[in-house]
Amino acid sequence: MKSFNGKILFLDRSDINTDEIIPARYLTEITKEALKPYLLEDLEMTGFAPERDVAPSGAVITRANFGCGSSREHAPWALEVNDINIVIGESFARIFKQNMFNCGMMAVELSRDVLDDLMTRFAGKETELVTDLEAGVFHFTAAGEALEVPFEISDFDRALVEAGGWVGYADQHY
Amino acid sequence: MGKTIAEKIFASHLVDNPSGDIQVIRLDAVFCHEITTPVAITDLEARGMDRVFDPARIKAVIDHVTPAKDSKTAMQGKILREWALRHGIIDFFDIGDNGVCHALFPEKGFVRPGYTIIMGDSHTCTHGAFGAFAAGVGTTDLEVGMLKGVCAFHAPQTMKVSITGELAAGVYAKDVILAVIGKLGVNGATNRVIEFGGPVVDAMSMEARMTLCNMAIEAGGTSGICAPDMTTVTYLWPFIQDEFDSPEAALEAYGAFTADSDAVYAEEIVFHVGDLVPMATFGYKPDQVKPIAEMVGEKVDQVYIGSCTNGRIEDLRVAAEVLKGRHIHKGVRGVLSPATPAVYKAALKEGLIEIFMDAGFCVTNPTCGACLGMSNGVLAEGEVCASTTNRNFNGRMGKGGMVHLMSPASAAATALTGAITNSHIYTGGE
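Protein chains in written order, with this note's numbering: chain C, 2 to 175; chain Y, 8 to 437.
Misleading hints may appear alongside valid ones.
[Said to hold, decoys possible] In silico DSS-like links for lysine-lysine, alpha-carbon gap of 25 Å or less:
#1 C/K33 - Y/K76
#2 Y/K115 - Y/K356
#3 Y/K297 - Y/K190
#4 C/K33 - Y/K85
#5 Y/K115 - Y/K85
#6 Y/K406 - Y/K79
#7 Y/K76 - C/K37
#8 Y/K79 - C/K37
#9 Y/K337 - Y/K306
#10 Y/K85 - C/K37
#11 Y/K406 - Y/K76
#12 C/K3 - C/K37
#13 Y/K331 - Y/K356
#14 C/K33 - Y/K79
#15 C/K37 - C/K8
#16 Y/K406 - C/K33
#17 C/K37 - Y/K406
Derived from the structure by calculation, the hints contain no laboratory data.
Required output: the full structure, derived from the provided sequences and hints.
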């Protein structure tokens, strides 16, 4: 099973699309590793610089409809090869979310209120996430701040994470 | 309790219900192209599972970058080509008879009412125009589809969008879907199937219905879907005439994939289009839509007519009608990419290609190319393109470029003036 822990990259915007996560010009790559330098290259956000902010991160916290647009699994892959296996947001585009779990990664929904609270308390600070998958709890810690937030994922999504993705699961079952 | 079209299709294809509302369904067709399939192929090879569930149900095409533009795209084509050959995939379309997948596969008769289809391409929702459930998926879902012929989805929630009124002259399916997305928002149909109906859809050609369903994903929808009717049967008749005694018999059989009158919808929206005017997008999200009239005069560098949204013969006819006997504005680059070889040949025969070329357009071979900034019309930083495609994300047609989505008529009119223009000044109408 993958690691769902690490330093958090806060992307405080809704509708971050697949082309911002990994532009189409890199879809000619046929290995996942080749995508590594290009994650979030086209995302233009005040205070965000991919060359500075991506490398130290192990998790993303964002807003609504993350991953909208293209079906490209290159989006999860570009996150994965940068050791980011979890995205937490208010909602996700269907295909993106499915792709994440299909790769044994996680896209976890939290309410807007909880996200507001997280952004207020932690954004701009060095924040660590530790995920307790079994208990269904996120542990957020930063200097002078600590917070536990319960989360839920479906039994099927959990089975995919535990099976390391959909290919392994489907090969076992169908 | 009655069922929606998607619910009926799922019920007839259910393989497993592993937990909750997850439904694993049997697939009637798995479509493949050279951008998202090669990684699935190499992964299956690495796992020692280089097999396909049924070569006759897999259709493959090289369409995104063709002819190959560099060594990397050549390798993507090579992997797909060799895989198709190795597994006896007869319906594989390579250079010479390839075209944009969502225009090519319907044209070849690969889609039927009631079908379940996946492809590693978000605009797979296009095929719902035939009363099929057709969903874009990622490479892993595609990989399992190729291997096992199944895919997992949440039980479909259907949103019904009834389109009423009568379209004014100069207003097309593209204007309708842009306006619908403007109303729903880019997240408005997430995890839902959009069932398009109502008198305007009933009166639409299959081409127009495909334009409508093509952009369901831009509102987040899993699939667009239109009930099969005589228009569907007539389009499919050359492919199904051996299966049915008469078109009426086909229509009756396909009636199994129309919604019950007491079907339960997650949401129902009535969208009146009697006063709809030509629309265009203005930002970096497809729900940022306003009337062309409010954007008139905004300068463009390029006009692109093509894609799985609007690269079909009807679209070329509409654009040619505007361009006929005129020349595009000096300094504007006009690019026409007929979506398939059949569209290209029909356009040649009808004299449309001559009209485009006389007007100053460059005509490319059928390919997805510029739509996603890969080839054949990529924008430079700071450039603006009026485009009949489906996505206006920042950088979509090239880093730093801006795309305004619009109908073929509006795009053609815009090419003539070099700035966003309502086609009615050339053709009458709204």
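Checked hints:
1. C/K33 - Y/K76: Holds: C/K33 and Y/K76 sit about 21 Å apart, inside 25 Å.
2. Y/K115 - Y/K356: Within the cut-off at roughly 20 Å; holds.
3. Y/K297 - Y/K190: 11 Å, holds
4. C/K33 - Y/K85: OK: C/K33 and Y/K85 at ~18 Å, within 25 Å.
5. Y/K115 - Y/K85: 23 Å, holds
6. Y/K406 - Y/K79: 20 Å, holds
7. Y/K76 - C/K37: Holds. Y/K76 to C/K37 sits at ~23 Å (cutoff 25 Å).
8. Y/K79 - C/K37: 17 Å, holds
9. Y/K337 - Y/K306: 12 Å, holds
10. Y/K85 - C/K37: Since the Cα atoms of Y/K85 and C/K37 sit roughly 24 Å apart, the hinted pair holds (cutoff 25 Å).
11. Y/K406 - Y/K76: It holds: about 18 Å lies between the C-alpha atoms, which stays within 25 Å.
12. C/K3 - C/K37: 17 Å, holds
13. Y/K331 - Y/K356: Answer holds: Y/K331 to Y/K356 is near 15 Å, not above 25 Å.
14. C/K33 - Y/K79: Cα-Cα ~14 Å, so holds.
15. C/K37 - C/K8: 18 Å, holds
16. Y/K406 - C/K33: Status holds; Cα separation ~22 Å.
17. C/K37 - Y/K406: 18 Å, holds
In this structure, every one of the numbered hints holds.
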